[in-house]
Amino acid sequence: MNGPNITWYLGVAGFLFGVGALGVLLRRNPLIVLLSLEIMLNGANLALITFSRHLDNGDGQIFALAVMAVAASEVVVGLGMVVALNRKRVPLDVDRLSSLRG
Amino acid sequence: MVYGSWICLLSPLAAAVVITLAGGRLTRRGAGYLATLSCFVSFGAAVAVFVSLLGRDAEQRSVLSTAWIWITGGTYRSGLAVLIDPLSVMMMLVVSGVGALIVLYSIGYMDGEREERRYFAYMALFVFSMLLLVQGGNLLILLAGWGMVGLSSYLLIGFWHERPSAIAAAKKAFVMNAIGDATFALALFLLIQKAGSVDFGILGGEYTSTVANLVALGLLGGAVAKSAQLPLQTWLPDAMEGPTPVSALIHAATMVTAGVYLIVRTHAIFEQAPKVADLAAGLGAATLLVAGLVALVQVDIKRVIAYSTMSQIGYMFVAVGLGAYANGMFHLMTHAFFKALLFMAAGIVIHALTDEQDIRKMGGLRRLLPRTFIAFAIGAVALVGLPPFAGFFSKDSILADAMDRGAFGYVLWVVGLAGTFLTGLYTFRLLFLVFWGEPSAFVREHFHAPKRDLVGWTMGVPVAVLAVLSVIGGWLQFAPLWHPVETWLQSVAEPVVTPTDWQEGISSALAVLLGLLGIYVAWALYAVKTFAVPRFAFAQRVLEHKFYFDELYDALFYRPTVWLAKALYRGVEDPLIAESSTSLGQDTRDLGGIVARLQTGLLRTYVLAIASGAAVLAIVFIAVK
Amino acid sequence: MIVASVGNVLVWAVWILAAFACLGSGVAVVSFSNPFYSALALIGNLGSLAVLYLLLSAEFVAAAQVLVYAGAVMVMFLFVIAYVDPRLESPWAGGPGWQAIGAVLAAAALLVEIIVVIGLNAGGSLAHSHDVGGSFGSPSYIGRLFLTDHLLAFEITSIVLLVAAIGGVILGSHSRRSEAGVEPL
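Chains as they are written, first to last, in numbering that gives the first Met the number 0: chain A, 0 to 101; chain B, 0 to 624; chain C, 0 to 184.
None of these hints come from the bench; they were simulated from the model.
A virtual CB, placed ideally from N, CA and C, is assigned to each residue, including glycine.
Please note: incorrect hints may appear among the correct ones.
What the hints assert, rightly or not - Some residues of chain B that are not near chain A, with every Cβ distance over 12 Å (derived):
1. 50
2. 63
3. 167
4. 185
5. 296
6. 386
7. 436
8. 459
9. 467
10. 550
Claimed, not checked - What follows is a set of in silico ranges between Cβ atoms, one per label pair, in the way DEER data are often shown:
11. 613(B) <-> 16(C): 31 to 37 Å
12. 595(B) <-> 129(C): 52 to 58 Å
13. 621(B) <-> 129(C): 24 to 30 Å
14. 621(B) <-> 95(A): 34 to 40 Å
15. 70(C) <-> 595(B): 41 to 47 Å
16. 595(B) <-> 35(C): 35 to 41 Å
All chains should be modelled from the sequences, with the hints used to inform the complete structure.
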């Protein structure tokens with residue numbers, strides 16, 4: 000294979016996953032949280048594609064496409080919730096959305 | 000004969016069980032009749048056994064009948080056994096006979112009581128327990144009867160359980176008896192360890208002097224508690240809270256004499272431990288004196304008679320302590336007659352004056368209750384020991400036995416004679432204060448004559464019978480001339496002392512003289528009131544406080560125990576036990592609160608938890624692999 | 000089919016550019032306080048990822064990434080961000096302080112572990128990749144796989160999409176009862 004060997008790609012994928020995790024845990028705006036979630040998913044996708052190329056096996060790419068489809072669906076539902084929340088004039092702050100407090 | 004013995008034992012138990020189970024289906028009077036009938040059946044059986052025993056030779060007069068063996072361990076065997084021998088038959092006759100008369104009397108005395116059935120069930124239970132005690136074929140059964148008698152006493156003293164004083168008296172009696180039971184049990188343990196059995200035969204075995212002394216001491220402790228001798232005597236006056244027939248039966252005729260019976264039954268051990276036997280005699284003498292002195296200042300009619308009981312049992316202890324077993328038992332028998340008589344006559348007086356017991360309010364009942372007066376007088380004279388009444392024959396033999404003992408014996412003799420004087424004094428003080436002179440104001444207001452119906456009959460007949468027995472009962476043994484009682488009991492307990500006729504004569508003469516002197520002094524002070532009653536303030540106070548025994552025990556035992564209980568409650572119970580159970584709930588709730596803080600409701604917390612968990616798991620997987 | 004015809008150097012240069020763009024935009028998404036800028040950064044992220052996919056011979060996936068992800072999903076995001084109140088919040092404030100530290104630690108741990116796990120397990124085998132055929136990653140290749148080996152995944156994914164669509168419609172619908180403000184969401 001030309002160019003960097005797959006460990007470099009995997010490093011990028013891991014870094015993306017970590018950054019996405021940080022964003023999910025630390026940001027307050029649910030929209031940003033969803034965006035960070037997308038980054039995590041993309042990091043996983045990159046890892047999948049990398050290994051698919053490494054092992055000359057198309058299953059990784061199939062999996063990546065399925066992940067993409069599911070990510071899209073999840074975004075639909077998540078954004079629907081955000082819109083509904085906004086309509087109810089609920090402040091869009093994950094720290095304030097704690098009515099399931101025990 | 001064996002059947003007779005078992006019938007004698009079990010008949011009152013059957014009555015008690017039937018009365019208990021029948022409950023409300025049995026009328027109150029019916030319960031009384033049933034109990035009385037069972038006691039008379041018991042007496043009849045005892046007479047049958049006695050007659051059949053008479054027909055045998057002296058050596059064949061001991062029969063042990065075992066119903067079943069229930070404790071076996073190695074070579075140790077004990078079970079429910081009944082012993083038929085002269086001593087037990089004598090006690091059976093006294094207990095069932097006097098018991099039957101007193102239960103008959105109770106029908107009249109307790110007539111109209113709300114809980115009459117309970118009373119008769121308890122009385123039947125008591126008679127059964129006492130018979131178990133005297134008929135017991137081994138020490139274990141004796142102890143069982145011993146304990147049950149204490150229980151019945153507790154139940155009957157506290158019969159009127161709405162009265163706090165009655166409850167307190169019942170508890171006091173039970174606790175003090177329990178002390179005796181404990182020493183008795185300890186003696187028993189030692190015997191079992193040394194002899195491997197509880198049959199009466201082991202008592203004659205050879206023991207080291209330490210063992211014999213300890214066993215005898217334990218047995219003496221039990222006897223002293225049960226018979227209300229010094230130092231465990233304080234419960235008997237308080238026990239007068241119970242109904243008068245109870246006082247008559249339990250605290251005069253039978254239960255308190257169980258101690259004397261015990262010493263006679265186990266005399267073999269006491270003969271191996273002469274110091275303890277001397278201690279028994281000494282305690283008896285001391286009690287005799289103390290009780291006689293205290294009786295001089297008592298104002299409750301029943302308490303005077305109670306102290307008199309204590310004093311007479313002191314005589315019995317002197318007798319058995321010296322080894323004159325037959326004389327002790329003989330005095331026990333005559334004492335049962337005249338003491339029960341005195342109590343029952345006192346009961347008639349109390350009933351006639353609507354439950355008043357303070358003798359200072361009484362007076363002049365001689366004309367209003369003539370027959371009762373005669374009965375009481377017979378009992379009083381028998382108590383003092385004037386011939387030809389019962390007490391003379393039995394008490395004076397005891398004094399003579401004391402003379403045969405040596406220096407210690409002479410001390411006992413002098414004390415006994417002093418006791419005779421005191422007996423005359425306090426008995427006739429009581430008689431004169433209650434019956435002599437003109438009717439007092441109180442009597443005029445409150446007197447109502449006893450009825451002449453069945454109720455009155457049930458009270459009158461036993462009194463009459465006992466009055467007759469108090470006269471002729473002593474004729475059973477006149478020491479210098481003929482002693483069938485001693486011969487009868489010889490196979491069981493050979494007397495250790497045999498006074499000469501001269502000693503008998505001197506003792507009798509002096510005793511009678513002193514008794515008459517006491518009567519005269521009482522006459523002078525209380526009947527014709529020639530002199531005023533002397534008042535020595537210090538002596539009066541000491542006697543009224545009964546030599547401060549109650550206060551002493553209160554300070555020695557009661558207060559420290561209460562203090563300890565309170566300290567333990569504050570120090571252990573509250574902080575440790577109560578707190579732990581409440582803090583268990585509180586701490587669980589607090590822990591739950593801490594855990595609940597994990598449920599912040601924030602999404603980020605949960606995601607953080609998942610992420611951290613995944614991180615940790617990854618480490619674990621790497622490490623394991 | 001983009002082939003590195005001038006050798007490794009070109010591939011490396013493209014890779015470096017794409018990787019840095021990817022990482023930078025990723026950090027930017029998480030950092031910006033304005034969600035609009037974050038969404039735009041994410042579009043950039045997705046684009047650079049598509050380039051990386053191309054370098055890995057996954058042409059169909061790269062095209063799907065640009066069309067579906069960057070094209071449809073991100074547009075949806077932008078619509079909603081524009082619809083919702085854009086409130087400038089301080090991005091790093093809020094929540095218990097220990098959670099922030101914990102988050103950083105967890106993320107760092109995960110990253111380190113991923114590297115360690117892969118490093119330990121794969122070791123030398125990661126150095127040499129297999130050679131792939133010419134049609135690897137082509138639409139026909141993907142299509143054949145979807146319709147033969149992974150038909151079930153294909154069908155189920157379509158059902159998931161259908162359900163999500165229905166869910167989106169329900170969430171977005173104006174029912175009179177929810178307008179009255181009685182029921183919570």
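Checked hints:
| no. | hint | verdict |
| --- | --- | --- |
| 1 | 50 | holds (91 Å) |
| 2 | 63 | holds (79 Å) |
| 3 | 167 | holds (59 Å) |
| 4 | 185 | holds (64 Å) |
| 5 | 296 | holds (79 Å) |
| 6 | 386 | holds (99 Å) |
| 7 | 436 | holds (92 Å) |
| 8 | 459 | holds (86 Å) |
| 9 | 467 | holds (92 Å) |
| 10 | 550 | holds (66 Å) |
| 11 | 613(B) <-> 16(C): 31 to 37 Å | holds (32 Å) |
| 12 | 595(B) <-> 129(C): 52 to 58 Å | holds (54 Å) |
| 13 | 621(B) <-> 129(C): 24 to 30 Å | holds (27 Å) |
| 14 | 621(B) <-> 95(A): 34 to 40 Å | holds (39 Å) |
| 15 | 70(C) <-> 595(B): 41 to 47 Å | holds (46 Å) |
| 16 | 595(B) <-> 35(C): 35 to 41 Å | holds (39 Å) |
Violated hints: none; the structure is consistent with every hint.
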